[in-house]
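*Asks:* Sequence:
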Amino acid sequence: MAVRDWFHRLGRHCADVDYASARAIFASDVVSFGTRADVVSGLDALQRNQWEGIWPNIRDFKIDQDTIRSGGDGEHAWGVATWTSTGFDQDGRPFRRPGRATVALERRHGVWLAVHTHFSLSPGTPTRTFGPG
Numbered sequence: 001m002a003v004r005d006w007f008h009r010l011g012r013h014c015a016d017v018d019y020a021s022a023r024a025i026f027a028s029d030v031v032s033f034g035t036r037a038d039v040v041s042g043l044d045a046l047q048r049n050q051w052e053g054i055w056p057n058i059r060d061f062k063i064d065q066d067t068i069r070s071g072g073d074g075e076h077a078w079g080v081a082t083w084t085s086t087g088f089d090q091d092g093r094p095f096r097r098p099g100r101a102t103v104a105l106e107r108r109h110g111v112w113l114a115v116h117t118h119f120s121l122s123p124g125t126p127t128r129t130f131g132p133g
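FYI, the numbering used here numbers position 94 of the sequence shown as 94, with every residue one higher than the one before it.
Keep in mind the hints are simulated off the structure, nothing from the lab.
Heads up, a few of these hints could be off.
Dumping the calculated SDA-like pairs for lysine to any residue here, alpha-carbon to alpha-carbon at most 25 Å [said to hold, decoys possible]: (1) 62 / 100; (2) 62 / 106; (3) 62 / 11; (4) 62 / 119; (5) 62 / 84; (6) 62 / 48; (7) 62 / 21; (8) 62 / 50; (9) 62 / 91; (10) 62 / 115; (11) 62 / 2; (12) 62 / 117; (13) 62 / 86; (14) 62 / 12; (15) 62 / 49; (16) 62 / 20; (17) 62 / 88; (18) 62 / 113; (19) 62 / 44; (20) 62 / 126; (21) 62 / 13; (22) 62 / 33; (23) 62 / 121; (24) 62 / 77; (25) 62 / 98; (26) 62 / 89; (27) 62 / 45; (28) 62 / 8; (29) 62 / 120; (30) 62 / 111; (31) 62 / 109; (32) 62 / 52; (33) 62 / 96.
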């Protein structure tokens with residue numbers, strides 16, 4: 001349930017371009033890579049190198065809750081899911097932008113936080129989104 005809840009919250013924060021709320025579900029020492037960022041260490045680097053370059057330039061971000069697979073124990077959990085969003089080419093025309101995600105969670109002081117995430121685009125998806133015209 002922790003993984004499903006985490007993905008739900010992240011999906012909402014990404015769609016709302018709400019960095020402050022998203023930061024609350026990540027560990028400060030998170031290590032991640034994504035559709036834009038190479039491996040980054042730390043929450044500030046993740047926000048700067050991934051979120052800020054993608055979230056304002058997409059629309060309709062949604063985690064497909066039916067695809068979530070997860071496991072773990074009382075202090076650690078992992079999950080994978082697919083997601084969809086709308087990207088925009090250089091002329092502002094929308095295109096379907098699907099992908100997949102992996103998260104590793106750790107319970108710290110009673111709160112499930114992402115200590116690792118990996119977001120990637122589905123094969124064949126354009127790698128750049130410019131935002132709506």
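*Asks:* Taking each numbered hint in turn, which are not upheld by the structure, reported in ascending numerical order?
*Replies:* Those not satisfied come down to hint 31.
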